[in-house]
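Q: One letter stands for each residue in the lines below.
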Amino acid sequence: NAGVTQTPKFQVLKTGQSMTLQCAQDMNHNSMYWYRQDPGMGLRLIYYSASEGTTDKGEVPNGYNVSRLNKREFSLRLESAAPSQTSVYFCASSGMEDSGNTIYFGEGSWLTVV
Amino acid sequence: GDSVTQMEGPVTLSEEAFLTINCTYTATGYPSLFWYVQYPGEGLQLLLKATKADDKGSNKGFEATYRKETTSFHLEKGSVQVSDSAVYFCALKPPAFGKGNQVVVIP
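First to last, the sequence lines map onto chains A and Y.
Mind the numbering: the first sequence is residues 398 to 511 in the working numbering, read in order.
Mind the numbering: the second sequence is residues -8 to 98 in the working numbering, read in order.
Check each hint, because a few of them may be wrong.
Mimicking BS3-like on lysine-lysine, the simulated pairs with C-alpha atoms at most 25 angstroms apart in a straight line are [as the list claims (entries may be wrong)]:
(1) 51/Y - 90/Y
(2) 84/Y - 454/A
(3) 84/Y - 468/A
(4) 43/Y - 59/Y
(5) 43/Y - 90/Y
(6) 47/Y - 68/Y
(7) 68/Y - 90/Y
(8) 68/Y - 51/Y
(9) 84/Y - 43/Y
(10) 406/A - 90/Y
(11) 90/Y - 454/A
(12) 468/A - 411/A
Simulated from the structure, these hints should not be mistaken for laboratory data.
Just chain A, with the same shape it has in the complex (with noise of 0.2 angstroms):
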């Protein structure tokens, strides 16, 4: 019973570096969102995908790209890392099927970037 996978855990990048953090559910869920989550900031969206092959700017976007690979899958890259991209990342994924639009998020990705 997996749910929301997430990968790596933990990621130190030196700025300027690139890196992919990979997502992916089983729960056959149409809509998937990456959060980064701060000190005092609360979760803020970065993007989200409504369904397979469309995606949409959140509310902090910049420095950041994402994939919808297929149904299962929403990958977040940073191109150039940046020391104000020092956060906790949350992919999570919601369906109406039977959940009424429950969230449900994966155990979080803790990005360092030096």
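Add chain Y to chain A, keeping to what the hints say.
A: Here is chain Y on its own, set in the frame of chain A:
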């Protein structure tokens, strides 16, 4: 657009005290409302939800009632435990979340 507002600041209280966290929302229509909880070092998980006006969601001793007249969904628990220390988020249908409230319960 749809939005959620939670009361400001952390909440610190003693074990067995009464807990209330206020949440109000702005939305078109009557969306489902949710409370999520985040324990230290973990992702968010659903605590309770209500899908229509006057519904009461409940779980683990927590309750919240969907009040369309006041557009509110306040979270309450009658007697908190140390294990309830966590961050609590109010939410509408995704992706609208409140900023969260840190709750610290002191023995």
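Q: Compare the structure with each hint and give your call.
A: Here is how each hint holds up against the structure:
no., hint, in the structure
1, 51/Y - 90/Y, "holds (22 angstroms)"
2, 84/Y - 454/A, "holds (17 angstroms)"
3, 84/Y - 468/A, "holds (20 angstroms)"
4, 43/Y - 59/Y, "holds (9 angstroms)"
5, 43/Y - 90/Y, "holds (23 angstroms)"
6, 47/Y - 68/Y, "holds (13 angstroms)"
7, 68/Y - 90/Y, "holds (20 angstroms)"
8, 68/Y - 51/Y, "holds (9 angstroms)"
9, 84/Y - 43/Y, "holds (12 angstroms)"
10, 406/A - 90/Y, "holds (23 angstroms)"
11, 90/Y - 454/A, "holds (19 angstroms)"
12, 468/A - 411/A, "violated (32 angstroms)"
Hint 12 from the list above is the single one not met by this structure.
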